[in-house]
Amino acid sequence: MHELSKRMLLVLAILALLTAAEIMALSMRQYPEQRLARNQVIDLIGLPDLYLGYGSTWLRHPGLATLSTVISEDGTLLDYYPGSFVISLESMVR
Amino acid sequence: MINTKLLEYALHSIRRRFWQRGVVVLIFSLLVFLLISVFSIAGSLRGELLNNLSSLPEIFVQKIQGGRQVDIPIDHAFEIASIAGVAETQPRVWGYYILPGTDVILTIIGVDPELPATIKKYEQSIAHLDIKDAASQSSFFIAGEGAAKLLKQYGYEATLNLYSHQGKQIVLSRLGLFISDVRMETNDVILVSENSARELFGTHPYKATDIVVRIPNPNELETVKQKIQFMFPDTRIVSTSDLKAAYDHIFNYRSGVFLALLMTTFMSFFTLVIDKGSGISLDERREIGIMKAVGWSINNILTIKLYESLYIVLLSYVTGLLAAYIFVFEFGAPLIIELFTGASRLKPELTLTPYIDVKLLVLSFLAIVPLYIFASIIPAWRASMIDADEVMR
Amino acid sequence: MMLTPEFIVLLIIESVVLLFSTIAAFFASRLAIQFAPQEPSAHQYKLLSQTYLTSSIIQVILFAKLASFPLFIFAADGLSGFIPGAMCAVGVINASSHGPLLLLLKLFMLYFIGSWIVINKVDGTTIDYRYTIRKYKLYLIIYVGLILEVIFTGLYLFDLDLDAIVSCCGTVFNPLSSTLGGRLLHIPNTILLPSFYLTFLIGLYAAFRKEPIVSGIAHSLFLVLGLLTIISFFSTYVYQLPSHQCPFCLLQKEYLYMGYLLYPALIAGTFFGMIPLILKLLINHTVDSYRLAIIFNSLFVLVASAYPLFYFLRNGVWL
Amino acid sequence: MISLKKINLNVTDRAGRHIMILKDIEFEIASKEFVLLLGPSGSGKSSLLSIIAGLVRPTSGRVEIDGKSISQIPDQFSAAMRRERIGFIFQKFNLIPDLSVVDNITLPLYPTDLTREAITERVNPLLASLELSDMADQQVNLLSGGEQQRVAIARALINKPDIILADEPTANLDEDLFQEFLSILDRLKSLGVTLILSSHDQRFSELDLFQSVYHLKKGVLSHP
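Note that the protein sequences, when read in sequence, are chains A, B, C and D. Just so we're aligned: 39 in this note's numbering is position 39 of the first sequence, and the numbers increase by one with no gaps anywhere. Just so we're aligned: 1284 in this note's numbering is position 284 of the second sequence, and the numbers increase by one with no gaps anywhere. Just so we're aligned: 2078 in this note's numbering is position 78 of the third sequence, and the numbers increase by one with no gaps anywhere. Just so we're aligned: 3131 in this note's numbering is position 131 of the fourth sequence, and the numbers increase by one with no gaps anywhere.
Keep in mind that the hints are not guaranteed to be accurate.
Unchecked claim - If we take Cβ atoms under 7 Å as the criterion, some of the chain B residues that face chain D in the derived model are:
(1) Y1009
(2) R1016
(3) G1067
(4) R1174
(5) E1287
(6) I1298
Hints were generated in silico from the structure; no laboratory data involved. Predicted model only: the values in this text are computed from it and were never measured. A virtual CB, placed ideally from N, CA and C, is assigned to each residue, including glycine.
Please construct the entire structure, taking both the sequences and the accompanying hints into account.
In structure tokens:
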């Protein structure tokens, strides 16, 4: 009984330590060269948004899209992508 | 103070009823795993965007007519440049190009034609660069990774034929490809010279798609913004601070968390119904009866039941957490990433830079552990109330 | 109404606490009326079994409350970004009129539930269920307190005005302003500090001599003085800025989350210091929690006084 | 030492019928006395023992051990009394099947604040005296009937009780295991323990082991 329960506590302790180690390792892990390349490319192309692979144009650059681009794209899209998804900056800036 | 023997007994009884307890641990760690993975991915992407904002031009000026964006006259750029605090303004021509006969949408961005000469500045982000004859090229293109792969299927590798909006064919020769590290930003991008872009989109020579404005001192951002708005009432001005607020809105830390935590709560209660609803198995009833007969008090039994619940919920939380971080940041979240990438022909591959959100860890812990402990009170009480005499008969 | 993740979790925990405290209150009210352990009827046996349920629920409620109190401050701190003028939790809590009252009620409830747990432990050692009925009547009062707390949290959240400019620790706690914090801080440090250390010593002496009444009074005074001196004196040394008197910025990252060590030590120390008096008044039973009181209070005073001492050693001058 | 005053026990079964199990039981047991409780199965012997152990509350009447009533006291006190003073031997052994021999024997000591070392010191001589040392870590359900009986006895003796309650201990034991149990009873006699043994086995009445013998039929006690 004693060894088995000690082993179970050990399992929990080891998992907790592993998690802490993983979190430490991840927070330490920077990618300087990748960061530099990305900064250069953003400076070159000057567009903010990541390519998350959307079919419609306004979703490629929601940052620069206006509500009208949604409607011009496909009115029905509004239901599928709720209006709040596009950055209707008009509503954002109070 | 704490009777370690009771803790030992509780742990041993978990081990003995492994399957019934194991199911609960599995469901709970899956729950924590899902919650933490989804938010780590969202957080990582958001972190990526916010980092990019630092090297973006501070303001984008778009001309709006009838609610739609139209091309902006280039002389606006000169007037904006005159505003104090503005370092430089640059009219840009960019747009979308749908490869004829396919559903592939490419982003065509026009940059100043002397780029081949100044390409050195962006060397880090471009590969397969044939620098030697770069300077002489006028009609060049640099393709993003996804776009290049796709165009290869259509036979365009070294050269690219685009059809301008009048139907005229424009032939461009490849200057280089964006490296895969920046594919998140440039996966569908085709960089061409401004002249080719104008020819492709048929933009009026004195007009541009929009104007970017660089303002070195962030404090002057708002004032310059108001000045431009005052100067050109029919323009829409997007600043990086708006973008930042917008990204928060999109990744919507709040409503996302709200939904996820609500889901967690329902799921945890649902799991508990399964686990505790199943009542106490016959041999467990007999065991408690025997324990009470040989001298265990009701409080002792409540204590070991509490230890059991604590161990189970802690084990589930830690396993779920560890699994989530390894799954997301070591293996790139194979399946769950699809949640974040829409459907499109250009296969988007996201590289997730590590993102640790301590607040989320604390909140998910507090959303799950107290609930489980509360829900395990009543079953533990029912177990401790078993009548020893009747069970041993 | 502002729904940040912290408030969502807080509301989840508070609603579960409310649900279970209502269950416990239902049983407690029946127990308080019908409990007569001497007659061996089946009904009494059922009531007896329900005492275990209610005490387990109340013990878990205490732990939930111990978690939800810092979470409330953490949530308020999280809101400081959205409320203009609020730099930390103080501003947010003052953003609605119910804020400070809610905070005091939450603090008071910790002590109240804690005392119930101690009474429950003592009742467990009596062979004739001497205090059982009284402890369940006491729980009904706690239940009213819990309801009040939920109502005040709701009120606080609903009339949280996000656009109104609020004053944060700068004005709230500076002696000149007329706010509650301000008036309390009219007491200059030259009086506050010696009385703080004096009540600490009296408490220590009473704890050694195991005097419940003196210890109880001294420690309750010490709690009030402790909170005041943290705000007006010790916090300035933590922030090393004479004008910055704020009790919540201690909880932030740049000050090594020192608040999470100081406040629990003060609360635990004063709680264990007051328990002998509370138990004497409520159930006339003597309990010896003095050792814990001494440990926690000295820890609190040591850590708190370390800041000005180190500051003086390093810079050779007081703030 | 143990005195039962006007113990009545009636129970309502699932069908709601009131069944009288024990009626006006009244008797005294001196310390170190061996008492035999004879009666057919179902005559309320087990309930009487459970009442003495404080496991069951009598409908009326009082049970006193050394003058202190144990029938109306809170559970933690009656549990503590069972833990410190009473050893229970059951007819079906009532061992926890998937625990090892040692864990079963030391089960009563878990709630106490004895250290693990103190417990092993106490359990080893007991294992030796009941020849269980070599199977100490085996799972109980793999043992034979006789061995399980010895484990149950060891469990009853682990907390050095001064009262042993044995409820039909020899019900499913064959002849030589019965003799073996008798030798254990002799050893208990030398330990100076108070024993209450309930059985329907007449063989016990021929022994001169028991100072007093009671007959229990349909809940009524008679002292021949």
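Hints and how they fare:
1. Y1009: Since chain D brings a Cβ to about 6 Å from B/Y1009, closer than 7 Å, the hint holds.
2. R1016: Holds: closest Cβ of chain D sits about 5 Å from B/R1016, inside 7 Å.
3. G1067: violated (74 Å)
4. R1174: At about 72 Å, which exceeds the 7 Å cut-off, the nearest Cβ of chain D leaves the hint on B/R1174 violated.
5. E1287: holds (5 Å)
6. I1298: Result: holds, 5 Å to nearest chain D Cβ.
Of the hints listed earlier, those the structure fails to meet are numbers 3, 4, in rising order.
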